[in-house]
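Q: The lines below spell out each chain.
2 protein chains.
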Amino acid sequence: MAEPALDGLIDALRRLPGVGLKSAQRLAFHLLQHDREGARRLARALEDAVTRMRHCERCHTFTEGPVCATCLDESRDARLLCVVETPADQAALERSGSYRGLYFVLMGRISPIDGIGAAEIGAQALMDRAADGVVQEVILATSFTAEGEVTAHALAQALRARGLEVTRLARGVPAGSELEHVDLGTIAHALVDRR
Amino acid sequence: MAEPALDGLIDALRRLPGVGLKSAQRLAFHLLQHDREGARRLARALEDAVTRMRHCERCHTFTEGPVCATCLDESRDARLLCVVETPADQAALERSGSYRGLYFVLMGRISPIDGIGAAEIGAQALMDRAADGVVQEVILATSFTAEGEVTAHALAQALRARGLEVTRLARGVPAGSELEHVDLGTIAHALVDRR
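If you're matching them up, the sequences are chains Y and U in order.
Going by this note's numbering, 121 is the number at position 121 of the first sequence; the sequence numbering is gapless.
Going by this note's numbering, 188 is the number at position 188 of the second sequence; the sequence numbering is gapless.
Read the hints as simulated data drawn from the structure, not as lab findings.
Treat the hints loosely; a few may be bogus.
Identical copies look the same in the list; a pair holds intra-copy or inter-copy alike.
Subject to a maximum C-alpha distance of 20 Å in a straight line, what follows is the list of computed EDC-like cross-link-like pairs (lysine to aspartate or glutamate) [to be verified]:
| hint | residue 1 | residue 2 |
| --- | --- | --- |
| 1 | 22 | 193 |
| 2 | 22 | 89 |
| 3 | 22 | 94 |
| 4 | 22 | 3 |
All chains should be built: construct the whole structure from the sequences, respecting the hints.
A: Now the structure itself:
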């Protein structure tokens, strides 16, 4: 259609993960036709977030200050440090209401195929953080995928070499599941890790 | 997490159609972690599009000028006017390479349940446009859904009352389909409309 402002918007939307040409067109048309105020608000929110959000010096999650609110919360148990891949994983653990320690957010996971090694996920920063003399146990809560397991394995070795106690989230049957609908790998792990 | 700039971005992304809380979080984290330049570019593109894009005075599609490039294209056959619901539908027809007439874009369809009647889709503007003395045939290419059919029916009546020839896109078996996998309604229409 050779409309540069429209084409530019569709191109910029396509760059989002999971958004193809048709979705980008639909989003652009929707915003222009039905929600120009939403489009302006999104533009301001993007600019604002990119300008103000940086990484917490202690746990690497996104924060506006030098150190995030969770790391500054003195009511948390500083002897426990839980390692997660993303802020979304951290949010899921927080929602579970069953953890009161601190976090370290890798902001990724080891993925040799993508050229992401221990250095890229801040393994050295984690070692320094865990060696503060207060942390007693590091809980590895990376994903139970091939890459998450490789990440957990590499970090566990390095942390144990520094004399730290390292644990991993339990694998097993999800709450509310009927056994017949659970995949066999999960059942096998649940049997091995039975208690 | 109580990070206003991050929460604001997630809220603004959630306002997009088809984006829930988890998708919005994923998009926000992706942009902040991996594509801050893409986020800035999207912010500029949104602002730009909202500021510059308006509706073509002749066909109602999105354009930066008063009249869009398609309507200004003198090589097109001005005797044919194709009515579509959205610019995306117009783009699909253009990609087919089998239409060289002009368009009228309703920017919606009649949907009584949403309070969208003939006035909301610019039916009067379409009547004025089609009565320019040049248009000889109006091709209704609204969707073959309940709302698209209602829209086509209402517009056809009004256009025919003004003495215009009105046609509808053919219904039938999609190219490349095996009959056994085509739904029965489509087969029934293909039989009725056989040629």
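Q: Does each hint hold? Answer for all of them.
A: Against the structure, the hints:
With identical chains, the CA atoms of residue 22 and residue 193 are never at most 20 Å apart, being 46 Å at best within one copy and 30 Å at best between copies. When the C-alpha separation of residue 22 and residue 89 is checked against a cutoff of 20 Å, the pair qualifies only between copies, where the shortest distance is 11 Å, while the shortest distance within a copy is 30 Å. In this assembly of identical chains, residue 22 and residue 94 lie within 20 Å of each other by CA distance solely across copies; the values are 15 Å between and 36 Å within a copy. Within a single copy, residue 22 and residue 3 get their C-alpha atoms as close as 17 Å, which meets the 20 Å cut-off; across copies the closest is 33 Å, which misses it.
Comparing the model with each numbered hint stated earlier shows that hint 1 is the single one that does not hold.
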